[in-house]
Structures are given as C-alpha cells and as structure tokens.
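Participant: Protein chains in written order, with our numbering: chain P, 1 to 189; chain S, 1 to 189; chain F, 1 to 189; chain E, 1 to 189.
Just so you know, the hints here were simulated from the structure itself, not pulled from any lab data. Careful: at least some of the hints might be erroneous.
To be verified - Below, a sample of chain E positions facing chain F; criterion: calculated Cβ distance under 8 Å:
id: 1; residue: ALA157
id: 2; residue: LEU161
id: 3; residue: TYR170
id: 4; residue: LEU175
id: 5; residue: GLN178
Fair warning: this is a prediction, and the values are worked out from it, not measured in the lab. Built from N, CA and C at the ideal position, the CB exists for glycine as well.
There are 4 protein chains.
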Amino acid sequence: MRQDKTNMIFQAAIDIFSDRGFDRATMDDIAARANVAKGTIYYHFKSKEDLFLFLVEEGIDLLQESVREMIRPEMKGIQKLEAAIRQQIAFFDHYRDFCIIMLREGWGAEERQKEFRRMLTEYISLLEEFIRQAMEEGDCRQTDPESAAWTVFGGAAITSLHQLYSRKIYKTDELFKQTSSILLQGLRK
Amino acid sequence: MRQDKTNMIFQAAIDIFSDRGFDRATMDDIAARANVAKGTIYYHFKSKEDLFLFLVEEGIDLLQESVREMIRPEMKGIQKLEAAIRQQIAFFDHYRDFCIIMLREGWGAEERQKEFRRMLTEYISLLEEFIRQAMEEGDCRQTDPESAAWTVFGGAAITSLHQLYSRKIYKTDELFKQTSSILLQGLRK
Amino acid sequence: MRQDKTNMIFQAAIDIFSDRGFDRATMDDIAARANVAKGTIYYHFKSKEDLFLFLVEEGIDLLQESVREMIRPEMKGIQKLEAAIRQQIAFFDHYRDFCIIMLREGWGAEERQKEFRRMLTEYISLLEEFIRQAMEEGDCRQTDPESAAWTVFGGAAITSLHQLYSRKIYKTDELFKQTSSILLQGLRK
Amino acid sequence: MRQDKTNMIFQAAIDIFSDRGFDRATMDDIAARANVAKGTIYYHFKSKEDLFLFLVEEGIDLLQESVREMIRPEMKGIQKLEAAIRQQIAFFDHYRDFCIIMLREGWGAEERQKEFRRMLTEYISLLEEFIRQAMEEGDCRQTDPESAAWTVFGGAAITSLHQLYSRKIYKTDELFKQTSSILLQGLRK
DNA sequence: AATGAATGAGTATTCATTCAT
DNA sequence: TATGAATGAATACTCATTCAT
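Please work from the sequences and hints to get the whole structure.
Facilitator: Next comes the structure, spelled out in structure tokens:
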C-alpha cells in the first residue's frame with residue numbers, strides 16, 4: 001500500500017477501530033492518529049460506516065487471498081482445510097487488531113453488520129468448500145458443511161482472541177498445532 | 001424471577017443490549033421497552049454499565065449452573081465435557097440474545113470488558129477442568145487445557161451465533177451432535 | 001430546639017446547604033444526613049426553597065437577637081455598633097456554615113434570593129440605625145448610613161469567611177479587635 | 001477583545017453566570033446569548049468549569065492590572081492602598097456582573113471554588129503588600145496584614161454589590177469617598 | 001406522620017458531518 | 001486536495017417532587 005493519505009487513514013482506522021470498537025472510535029481519534037485533518041477523512045471516505053466497511057473488506061480479502069495462496073488444486077480437501085486453519089491463525093496473529101474487529105462487529109441487525117456478515121460469509125464459504133471436498137473424498141465424517149465451517153472458524157478465532165488477552169505467551173506454531181488437532185482430529189485420543 | 005420493576009428492566013435490557021450492542025443501546029430504549037420511566041432504571045441500577053454487568057453476571061451464572069446441574073462427580077472428564085458442550089449449545093439456543101452479548105462485548109480494554117472477561121473466564125475454567133481430568137484419565141490428547149477450553153467454547157458459541165443469522169433452520173439436537181462430534185472427535189474420520 | 005424530625009432536618013439542611021450551596025445540595029443528601037426518608041422532608045417543608053428560606057430566616061433572626069441582647073438603650077450609637085460587630089464576628093465564628101450561606105446565596109434575581117436580601121436587609125438596618133445614632137451624637141463622620149452599614153457588614157463577613165479557608169488559625173477575640181479597629185477607627189494611625 | 005466567537009462566548013458567559021450563578025447557568029443559555037451553537041462552546045472551551053475559570057482568571061487579571069496601573073513605585077503604602085480601593089470600586093462599578101461572580105462563587109470545597117480562591121488570593125496579596133508597606137512607613141496601625149486585606153476587599157466588594165441591588169443610585173465617586181474613608185480612617189471621628 | 005419507589009423534565013457533554021476557505 | 005471551525009441531534013445521568021401505602 002502506498003503511503004498516501006488514504007492509506008494513512010486506513011492504517012489509523014484499523015488501530016482505532018480495533019482498540020475502541022466501531023461506536024467508541026471517533027473520527028477525531030482516527031484523524032489524529034493519521035495525522036490529517038478531520039475533513040480530509042471525509043474527502044476520502046463518504047462516512048464513518050463507509051470507512052469501516054472499506055477496511056473490513058480489505059481485511060477479509062487479504063485473509064482470503066492469504067488462504068488461497070496456500071492452496072494447490074491437486075491438494076485433498078482435508079489438506080486444504082488444514083492449510084486454511086493454519087493460515088487463519090497466522091493471519092489473526094499478525095493482524096491482531098483485525099481479529100478483534102471481526103469477532104466484535106459482525107453481530108446485529110444494522111446494515112453495517114449485515115454487510116459485514118455477507119463479506120465474512122464469503123470467506124467461510126471457502127472453508128465449507130474444503131469440508132465438502134473432504135467429505136466427498138471420504139476423509140471427513142458426514143456433517144453439515146456450513147455449520148462445520150463456522151465451528152472451525154469460531155474455534156480458531158476465539159482461540160486467537162483469547163491469547164491476545166491472556167497472560168500466557170503462546171507461540172503461533174504451537175497454537176496452530178493444538179487448535180488444528182482439536183478441530184481436525186478432536187480431543188478424544 | 002419476580003415480575004417487579006427490577007425484573008422488567010432486566011428483561012428489557014437483555015433485549016435491547018443484544019439487539020443494539022452496549023454502545024448503541026440507549027437508556028431511553030430500555031426504559032421504553034420496560035415500560036418504566038428512565039429515572040426508574042437509575043433508581044435500581046447505578047449506571048448503564050452497572051446494569052450491563054449485572055445482566056452479564058446473571059447470565060454467566062445461569063450458564064454455569066445449568067452446566068453444573070448436568071455433571072455428576074462420578075462422570076469421566078470426557079463425559080463432563082460432552083455434557084457441557086451440549087448444555088452450552090442448549091443454553092445459547094434458549095437465550096439467543098445473551099449469546100450475542102457474550103460474543104460481542106468481551107473484547108477490548110475498557111473496564112467493563114475486562115470485568116466481562118473475568119466473569120467469562122470463570123465459566124471457561126469449568127471446561128478447562130474437565131479437559132484436565134480427561135487428560136489425566138487418558139481420554140484426551142495432551143494439550144494446553146486453557147487454550148483448548150477456549151477453542152471449544154468459541155467453536156460452540158460461534159456455531160450457535162451463526163445459526164441465529166442463517167436462513168437455515170437447525171434443530172438444537174442436530175446442532176449439538178454435529179458440533180460436539182467436531183470438537184470431540186475431530187472432523188477427520 | 002427540640003430533637004424532633006423538623007429540627008433534625010433543619011440541622012442537616014444547614015450542614016448540606018453550607019457545604020454544597022443551594023443548587024448542589026440535594027434533598028437526598030439532606031434526608032440522609034437527617035436520618036429521615038426523603039418524603040418526610042416534604043411532609044414538614046413545602047419545597048427545597050421553602051426549607052432553605054426557613055433556615056435562612058431562623059439564622060438571621062438568631063443573629064439579630066444575639067446582637068440585640070448586647071444592646072442597652074442607654075448605650076451610645078458608637079458603642080452599639082462596636083457591640084454589633086463583635087457579636088457578628090462571634091456569631092459567624094460559631095455558625096460558620098451559616099456565614100457561607102449568607103455570603104453565597106443572596107445575590108441574584110431569583111425570588112429566593114430577593115427574599116433572602118429582604119431578610120438580610122432587616123439585619124443591616126440595625127447597623128444602619130446604630131450608625132445614624134452615632135452620627136447624631138457626633139461620634140461618627142457624616143456619611144450615607146445605609147452604604148456604611150453594608151461596608152461594615154461586608155468587611156466583617158468576608159474576614160470571617162476568609163479565615164474559614166485560611167491555613168492560619170485566628171482567635172475570635174483577636175479577629176474582632178483587628179476587624180473592629182479597622183472598621184471603627186480606620187487603618188490610618 | 002476581538003469580535004470572534006470565542007469572545008462572543010466569553011461575553012455571554014459573564015452575562016449568564018452573573019445572572020444565574022454557576023449552577024443555574026446552562027450551556028444552552030450561554031450558547032443562545034452568544035448566538036452560537038452549543039457545540040461551538042465546547043469547541044473553544046473544554047467544559048463549563050473550564051469556561052468559568054477562564055472567565056474568572058481574565059477578570060481577576062484585569063482587576064489586578066487596573067490596580068497596578070494606578071500605582072507608582074514612589075508612592076507611600078497608604079497612598080497605594082487608597083488607589084487600590086478606588087480602583088476596585090471603579091472596577092466593580094464597571095463590571096457589575098463580575099462583582100457578583102466574585103462574591104458568590106468562591107466559597108466551598110469544590111475544585112472550581114478552590115481554584116477561584118487561589119486566583120482571588122493573588123489579588124488580595126497586592127492589598128496585603130500595600131498594608132505591609134504602610135505599616136513599615138508608620139502610616140498604619142500594627143495589625144495582621146492578611147486579615148486586614150480581606151476586610152478591605154470585603155468591605156468594598158459588598159458595598160459595591162449592595163448598591164447593585166439597592167433602589168438608591170450612588171455615584172461611583174461618592175461611593176469611593178465614603179467607603180475608603182470608612183476603611184482608611186474608620187468611622188469614629 | 002412517615003416512607004421510599006417512581007417519575008420525567010432538565011443538563012452537560014459528545015461527535016459525525018458539513019462547508020467556506 | 002485539504003482544512004478545521006462550526007453545528008445540533010443524540011444521550012447518560014440527576015434530582016425535586018409526588019403519591020400510594
């Protein structure tokens with residue numbers, strides 16, 4: 001991303017939104033963090049909501065891309081799923097702020113939140129597709145792939161989020177191994 | 001719960017907080033829904049935050065109790081964990097609004113959110129304890145029990161939340177079977 | 001004064017009004033201090049304003065009486081004035097709270113404040129009368145007695161008030177000697 | 001003072017605060033009087049208290065300056081004191097509203113009031129200094145200069161205030177002559 | 001006589017958005 | 001493009017007063 005004003009605002013917005021949530025974040029905060037005047041934000045973005053959704057879209061796109069990069073067409077479904085989980089955990093570890101935003105802002109009846117879920121659902125569909133493929137290939141028990149995809153997403157996401165607020169220090173790689181083995185093989189020995 | 005004003009406010013608060021989130025919920029909304037004057041809320045609760053935390057505490061207590069009721073001391077750890085997952089899903093299915101609040105309001109640096117996590121952690125500790133017991137009894141792979149407990153909580157919670165906003169209709173029992181088999185035995189056959 | 005509820009409220013009101021001023025004082029504060037329920041205050045006094053004015057009236061009456069007690073008809077005007085100053089300083093020293101109320105609440109256009117000034121003026125008229133007599137007796141320079149009475153009242157009152165908030169400790173007797181010599185003989189040797 | 005918004009707010013605030021006192025004055029009133037939107041006040045001043053203290057500081061500074069302007073280093077202490085009394089009475093006559101504020105808002109335990117007294121004390125220290133000099137020069141009886149300064153301030157201030165609410169019309173010059181002769185030479189012939 | 005739960009009008013403060021420069 | 005002063009609708013919270021018991 002270029003170091004133009006739009007991008008400075010973008011970066012500041014991630015910081016502030018993840019720190020305070022959508023409602024508590026103020027355009028003043030964002031402007032100050034971005035080192036631009038408040039009016040400048042409105043020159044680049046229609047509204048606070050617009051800025052927020054732009055940011056979320058970029059983030060989810062980035063997450064999707066980074067998962068897609070790990071996938072080769074010849075891989076089996078279960079391998080793809082494993083790669084996705086690994087990538088999601090790495091992504092959330094890297095973009096901690098974004099992880100908070102994703103868990104916090106998607107639930108509710110407002111248009112902004114519906115739009116958010118629409119975008120998130122795009123990503124979840126990826127996981128769903130992998131599960132579907134794995135089921136067809138006989139590597140995965142028969143289950144509702146949509147529901148399962150959300151379980152996997154949620155398990156990984158909340159685990160990422162928890163370690164953000166935990167006193168314990170987790171290594172990303174350890175976290176991945178533990179979480180993916182729970183989600184892929186289950187806790188039972 | 002008695003049908004006094006305090007309880008009417010309590011019920012209204014759950015409705016409004018889950019519908020709009022803490023910040024978007026207004027005391028006017030809550031008062032209107034509860035059919036009391038705004039001042040009445042302040043007669044019974046010190047502040048918006050106080051009302052919110054009271055509500056959260058009651059909810060988490062209720063969840064914990066409903067899980068504890070299913071547990072017999074003679075049960076194995078893995079059985080306790082299974083019962084807990086079942087109960088959590090049933091609870092979230094019954095108190096849908098509360099499920100939203102739990103996922104949405106716990107993340108951030110504000111005192112209210114820290115207090116929330118403190119209370120939530122109490123519940124998660126229950127799951128952790130079951131996992132620990134199951135590991136000792138050789139029914140569960142060696143893993144970090146704290147992190148695993150959050151994975152289980154998050155997987156189950158997000159799954160509950162998703163179906164709230166999904167067009168599909170899930171039966172609670174089906175949802176439990178699927179989710180718990182993912183979390184307990186893993187997706188891989 | 002009897003130890004009935006009315007009097008308990010009266011005492012509490014002086015405390016609270018002098019501590020917080022009329023506007024910042026709440027009926028809740030007063031009720032709590034008086035150890036009665038809030039409704040009880042309204043049983044004994046029509047309103048907050050009513051309570052306040054009752055209290056002020058009692059106070060000014062008390063001040064007037066205590067001055068009058070020191071006056072003998074055969075005294076010269078200048079002696080009466082000196083006795084009055086002494087008594088006012090002693091009174092303000094004894095009823096510190098009341099002194100604050102008198103200086104703070106009398107200025108403004110509200111009905112309560114006009115009523116206050118009407119009552120205060122009654123007391124000042126006493127001083128005026130003494131000055132008039134002293135002028136007639138040739139003991140006092142020719143001046144506007146009304147204006148002079150206020151100067152005397154104000155000089156003594158503010159001096160009392162200042163020592164309330166001062167780190168220095170003044171003895172009442174010293175304070176009287178200094179203040180009355182300034183007001184009666186002037187600073188110039 | 002320039003005719004910008006800040007100054008319009010400043011003028012309006014003096015009007016409203018002196019008319020209603022700090023607590024009864026509303027930001028709505030001030031905004032309406034200043035012909036600005038309420039938000040504009042908050043753009044220029046942090047809070048009601050901030051606005052109030054700014055106004056008080058400006059006022060006391062103005063009073064101090066106007067007194068200092070009358071003082072020549074070669075003057076005797078007693079002359080300086082006389083000039084100060086004259087100036088204070090003229091100032092209070094000119095800025096009547098400010099006089100009310102000074103007498104009304106300085107007494108109490110709130111931070112705002114403490115800050116007020118701190119600023120007022122600065123001015124009183126001037127008088128104290130003059131009295132001290134006069135004592136050294138043998139023109140003034142031995143007395144506690146701090147306490148005496150407050151007596152002089154209070155006598156002059158209350159006299160000014162009284163005539164604001166009196167039906168009588170006083171000429172500033174007359175008022176000064178009377179008041180200063182009381183305070184400087186005493187009432188006794 | 002006394003109570004205290006309930007009320008709702010009133011207030012300071014915040015903040016997304018606009019717009020003249 | 002960019003600015004930041006100005007706006008005013010929105011909102012948490014307060015508190016004098018009422019009234020059923």
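Participant: Taking the hints in turn, state whether each one holds.
Facilitator: Structure-based check of all given hints:
{"no.": "1", "hint": "ALA157", "in the structure": "6 Å, holds"}
{"no.": "2", "hint": "LEU161", "in the structure": "6 Å, holds"}
{"no.": "3", "hint": "TYR170", "in the structure": "7 Å, holds"}
{"no.": "4", "hint": "LEU175", "in the structure": "7 Å, holds"}
{"no.": "5", "hint": "GLN178", "in the structure": "5 Å, holds"}
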